[in-house]
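Student: Sequence:
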Amino acid sequence: MPETIPVYFVMMPDCLLLDVAGPADAFRFANQVLISRGEAPCFDMHFVAPQAHGKSSIGLQFAALEALPEVLPENAWVTLPGGWARDLGMSAGLENKTIVSWLRRVIQPDRQQLITVCAGALYAAAAGLLDGRRCTTHHGQIARLRALAPRAEVQENHVFVEDGKVASSAGVTAGIDLALHLIARHVDPACAAKVAQSMVVYLRRGPLDPELSPFLAHRNHLHAAVHRVQDALCAAPQQAWNTATMAAAGCVSPRHLTRIFSQHAGVSPHDYLQNIRLTVAEQAIKQGASRARAAEIAGFSSDQQLRRARHRSPSPKNS
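So in the working numbering, spot 42 of the sequence shown is number 42, and the numbers just go up one at a time.
Source of the hints: derived by calculation from the structure; they are not laboratory data.
For every residue, glycine included, the Cβ atom is placed at its ideal position computed from N, Cα and C.
Treat the hints with care, as some may be off.
To be verified - In silico DSSO-like pairs for lysine-lysine, Cα to Cα no more than 30 Å straight-line:
| # | residue 1 | residue 2 |
| --- | --- | --- |
| 1 | K165 | K55 |
| 2 | K286 | K165 |
| 3 | K97 | K55 |
| 4 | K97 | K165 |
What the hints assert, rightly or not - Ranges of calculated distance between the beta carbons of each label pair, as one might list FRET restraints:
| # | residue 1 | residue 2 | range |
| --- | --- | --- | --- |
| 5 | N220 | Q51 | 38 to 44 Å |
| 6 | N220 | E70 | 40 to 46 Å |
| 7 | D44 | C251 | 34 to 40 Å |
| 8 | Q305 | R228 | 25 to 31 Å |
Given these sequences and hints, build the entire structure.
Tutor: Structure (structure tokens):
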């Protein structure tokens, strides 16, 4: 069962609403997935600011915001959305100065997880939290980020960048991509896939971004029957699946399943299952299981079958 994580959203002056709502709803959906499994929710969200009242970029008013805490739990995630960050220097407004000062004083970047969305990276930069780190931001703010954090390794053309406990994302909706990535790691990829399906989002990756888990791949479609089959395969890859049992899980005929799965997921049902099984086996081996035990956990008939599947895979893993 995943550890409960306190997630703090720092509500900047005139913060971009989607920078907050996108990741927050991703964490909320993840909690719902866990509850549906009979598990406890693991993301405990807090919305904090220098003042109890605030306003978003579109004029929506916030009330009853929590005060900026003087001490954070070591396992806290602190999320910085984009906001009115025109000036973060000596002439910055009082709220911006307060936020930057609080970040310098309270955040321990080797302990707490720091998450920046869009121009939220500028606040982290002004607080010195990006020094020596790889990071990114909205493409229109790259030059400002480099000016504010000259010792950071600012990277362009990334959906998001991770460096230790610091994770930064590009503009606006990229915060959802980063949230899904963090959910996949903290809970599991199947949970993140369910969240992405619920939010109807396309899981984007650039050539330099972290590789997409097979549990999350081939999910950027809206076909309910294909999603039902994918959910069933991800939940129980060890079962003795064949085309007929897969079709039954999707409530369609075997012939229809083969056609719609390839059409909407871009891969055959059996190749999809093979990728899931290889990933499960790889995870088991990394956790100390023998090759024979890993094959059993993943649904292969023997370690020889696992070895052959790894050899046939387009990008076989080495263990």
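Student: Look at each hint and say if it fits the structure.
Tutor: Structure-based check of each hint:
1. K165 <-> K55: holds (29 Å)
2. K286 <-> K165: holds (22 Å)
3. K97 <-> K55: holds (17 Å)
4. K97 <-> K165: holds (24 Å)
5. N220 <-> Q51: 38 to 44 Å: holds (40 Å)
6. N220 <-> E70: 40 to 46 Å: Given about 43 Å between the Cβ atoms, the range holds.
7. D44 <-> C251: 34 to 40 Å: holds (37 Å)
8. Q305 <-> R228: 25 to 31 Å: With Cβ atoms ~27 Å apart, the hint holds.
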